[in-house]
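Sequence order for the protein chains is P and X. Just so it is clear: in the first sequence, position 136 is 135 by numbering that gives the first Met the number 0, and no numbers are missing. Just so it is clear: in the second sequence, position 31 is 30 by numbering that gives the first Met the number 0, and no numbers are missing.
Check each hint, because a few of them may be wrong.
Pairs of lysine-lysine, BS3-like flavour, derived with a Cα cap of 27 Å [stated by the list, open to error]: (1) Lys62(X) <-> Lys35(X); (2) Lys143(X) <-> Lys120(P); (3) Lys120(X) <-> Lys287(P); (4) Lys143(X) <-> Lys287(P); (5) Lys279(P) <-> Lys35(X); (6) Lys279(P) <-> Lys143(X); (7) Lys143(X) <-> Lys143(P); (8) Lys205(P) <-> Lys279(X); (9) Lys205(X) <-> Lys257(P).
Derived by calculation from the structure, the hints in this document are not laboratory data. Given the structure is predicted, the values throughout are model-derived calculations rather than measurements.
This is what each chain is made of:
2 protein chains.
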Amino acid sequence: MARIITAAAAQMGPIARAESRTSCVNRMIEMMREAKSRGVRYMVFPELALTTFFPRWYMEDWKEVETFFERTMPTKETLPLFEKAAEWGIGFYLGYAELTEDGHHYNTSILVNDKGRIVGKYRKVHLPGHSEHEPHRPWQHLEKRYFEPGDLGFPVWRTMGAIHGMAICNDRRWPETYRSMSLQGAEIISLGYNTPDENTSAFEPKHLRNFHNDLVVQASAYQNSCYVIATAKAGIEEGVGMIGGSLIAQPSGEIVAKAQTLEDELVVADLRLDLVQMGKETVFNFAKHRRIEHYGRITSQTGVELPPAGEVEGEDVLSRK
Amino acid sequence: MARIITAAAAQMGPIARAESRTSCVNRMIEMMREAKSRGVRYMVFPELALTTFFPRWYMEDWKEVETFFERTMPTKETLPLFEKAAEWGIGFYLGYAELTEDGHHYNTSILVNDKGRIVGKYRKVHLPGHSEHEPHRPWQHLEKRYFEPGDLGFPVWRTMGAIHGMAICNDRRWPETYRSMSLQGAEIISLGYNTPDENTSAFEPKHLRNFHNDLVVQASAYQNSCYVIATAKAGIEEGVGMIGGSLIAQPSGEIVAKAQTLEDELVVADLRLDLVQMGKETVFNFAKHRRIEHYGRITSQTGVELPPAGEVEGEDVLSRK
Numbered sequence: 000m001a002r003i004i005t006a007a008a009a010q011m012g013p014i015a016r017a018e019s020r021t022s023c024v025n026r027m028i029e030m031m032r033e034a035k036s037r038g039v040r041y042m043v044f045p046e047l048a049l050t051t052f053f054p055r056w057y058m059e060d061w062k063e064v065e066t067f068f069e070r071t072m073p074t075k076e077t078l079p080l081f082e083k084a085a086e087w088g089i090g091f092y093l094g095y096a097e098l099t100e101d102g103h104h105y106n107t108s109i110l111v112n113d114k115g116r117i118v119g120k121y122r123k124v125h126l127p128g129h130s131e132h133e134p135h136r137p138w139q140h141l142e143k144r145y146f147e148p149g150d151l152g153f154p155v156w157r158t159m160g161a162i163h164g165m166a167i168c169n170d171r172r173w174p175e176t177y178r179s180m181s182l183q184g185a186e187i188i189s190l191g192y193n194t195p196d197e198n199t200s201a202f203e204p205k206h207l208r209n210f211h212n213d214l215v216v217q218a219s220a221y222q223n224s225c226y227v228i229a230t231a232k233a234g235i236e237e238g239v240g241m242i243g244g245s246l247i248a249q250p251s252g253e254i255v256a257k258a259q260t261l262e263d264e265l266v267v268a269d270l271r272l273d274l275v276q277m278g279k280e281t282v283f284n285f286a287k288h289r290r291i292e293h294y295g296r297i298t299s300q301t302g303v304e305l306p307p308a309g310e311v312e313g314e315d316v317l318s319r320k
Numbered sequence: 000m001a002r003i004i005t006a007a008a009a010q011m012g013p014i015a016r017a018e019s020r021t022s023c024v025n026r027m028i029e030m031m032r033e034a035k036s037r038g039v040r041y042m043v044f045p046e047l048a049l050t051t052f053f054p055r056w057y058m059e060d061w062k063e064v065e066t067f068f069e070r071t072m073p074t075k076e077t078l079p080l081f082e083k084a085a086e087w088g089i090g091f092y093l094g095y096a097e098l099t100e101d102g103h104h105y106n107t108s109i110l111v112n113d114k115g116r117i118v119g120k121y122r123k124v125h126l127p128g129h130s131e132h133e134p135h136r137p138w139q140h141l142e143k144r145y146f147e148p149g150d151l152g153f154p155v156w157r158t159m160g161a162i163h164g165m166a167i168c169n170d171r172r173w174p175e176t177y178r179s180m181s182l183q184g185a186e187i188i189s190l191g192y193n194t195p196d197e198n199t200s201a202f203e204p205k206h207l208r209n210f211h212n213d214l215v216v217q218a219s220a221y222q223n224s225c226y227v228i229a230t231a232k233a234g235i236e237e238g239v240g241m242i243g244g245s246l247i248a249q250p251s252g253e254i255v256a257k258a259q260t261l262e263d264e265l266v267v268a269d270l271r272l273d274l275v276q277m278g279k280e281t282v283f284n285f286a287k288h289r290r291i292e293h294y295g296r297i298t299s300q301t302g303v304e305l306p307p308a309g310e311v312e313g314e315d316v317l318s319r320k
């Protein structure tokens, strides 16, 4: 029997700094209601979906920073989302800022099944940006200040009839992210993102921001033979433009669904999980084709190790004559 | 001073089974002559550029197989290419089938500098296809029969003013290939390919063949912040259609030059090596952002290890109320 799961990227428009958790959750429930009417069984909300993208501001006071974090999940304000998930039989991915009991800060996502149960947790591994205030930037990107790198690796979970993995925002640019999960058979990789429509770390033409989003998601879906559901927080948020372009990529690497607005928008596609097998059994049959004996640098060294200075002299084959 | 290297993908049309090495080399020299007139200083010929793509035939007799292999480099027939390279000051990448003195068979490429000296050698790591005769296929893809996996890893070389790496055909679909070289600072990655325009291992719509070629080359140029020069052997070769689409991708992932025919064709672009730095210093600053403590599976396991059978039960958060 064909395994088909109707799924959605639940893109959100901007969230103002003053907007309450309850207001955000109400917006999500509205999209979940639409999802239900369209037969959706699994939906992906953005990264940090309960607040504005607060790493754009430098804050001295950690008390202020922590107003953007959740100490438990579900919270009182998010509980209705879990209840509706159970009532309507819709699973979801939710991104939020996590403050643990012992005081650690993570950029986190959870996977909730169609009974409203928390099945999995992921903590963002690839934190972009910087850790100190950089006043020359028009806005900050202080993820390296407010979060620690995730400590859970890249787990996958069998749930809702598929093998699921999660990633968050900048993780999507790193092939290591997807490979770690496809080595565990991942069929659906979900990720949320908050991506300013301008690169403030160096000059980069603006049209590349959306292009790179599509490019890495599509290539990774193909190279790992899985579906990728990538969901934006989009639009002008507190004066900063954020790319939208939420998309669902199929294992061929082609886009099967794409957002059309920079607002709250449900982007729906059928995931035909049987299509995942073709790549996993042929071109990307890992057991048959991977050669780990030559991949050592990928895990043994973090940064670049340049070859010795000076050009290689080479073998003089002409004077052999 | 801006580092600009004018480079070319030297795409080749089909090579008939009966075509001589000397005829192939003459075609290459013709393209080198054009390259010289256009200020090209480095050019990339295809994989197995001296013969037809012979893994499409099943041959019982290894004596016959070995007629497609070179026992030394340069050979008498290829020497003129090295001489012209030195005379005109043009470096090149050349793919050929290598038979070593001790009887090993590799799908090999060499890097020759603008003085006609052999600077580097690479042996294809990711061999596609199959090792036994599969009569149900319209043609064979017996690379796993005729070649051993490369034993040289993914080295890079400082030569001709840049850090060069090499790959061959199917290697380009594997993110491990590029990452192994960008961890050594690769600025230009060259690769040749022979890719039938139809997948005979499983059903796949034909339009995906070129799409995948572009997708993996573009994504990898971006994710490793380097130039990629990808060169096809193209056109109807011994009755089998081969994709062309030779391309040069810049570190943004965008295509800067693309073949327009399925014939011998020089595809030229300026490589602006200063553009390589932007990615290497910001988004893809490996030392700052990579987290090798979470990448273990990439080098510790070859094939997929599935999670335990049975769905994850999950945490019942609703009954907490």
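Taking the hints in turn, this is what the structure says about them:
Taking the CA atoms of lysine 62(X) and lysine 35(X), the gap is near 39 Å; set against the 27 Å cutoff, the hint is violated. With a CA separation close to 41 Å, the supplied pair lysine 143(X) and lysine 120(P) exceeds the 27 Å bound. Between lysine 120(X) and lysine 287(P), the direct Cα distance comes to roughly 24 Å. Compliance with the 27 Å bound is thereby established for this hinted pair. Between lysine 143(X) and lysine 287(P), the direct Cα distance comes to roughly 10 Å. Compliance with the 27 Å bound is thereby established for this hinted pair.
For the proposed pair lysine 279(P) and lysine 35(X), the alpha carbon gap of about 44 Å is over 27 Å, so the pair is violated. Only pairs whose Cα atoms come within 27 Å are accepted, and lysine 279(P) paired with lysine 143(X) is accepted, the gap being roughly 18 Å. Taken as a hint, the lysine 143(X) and lysine 143(P) pair is broken in the structure, with Cα atoms around 46 Å apart against an allowance of 27 Å. Taken as a hint, the lysine 205(P) and lysine 279(X) pair is honoured in the structure, with Cα atoms around 19 Å apart against an allowance of 27 Å.
As the CA atoms of lysine 205(X) and lysine 257(P) are separated by approximately 23 Å, the hinted pair is consistent with the 27 Å bound.
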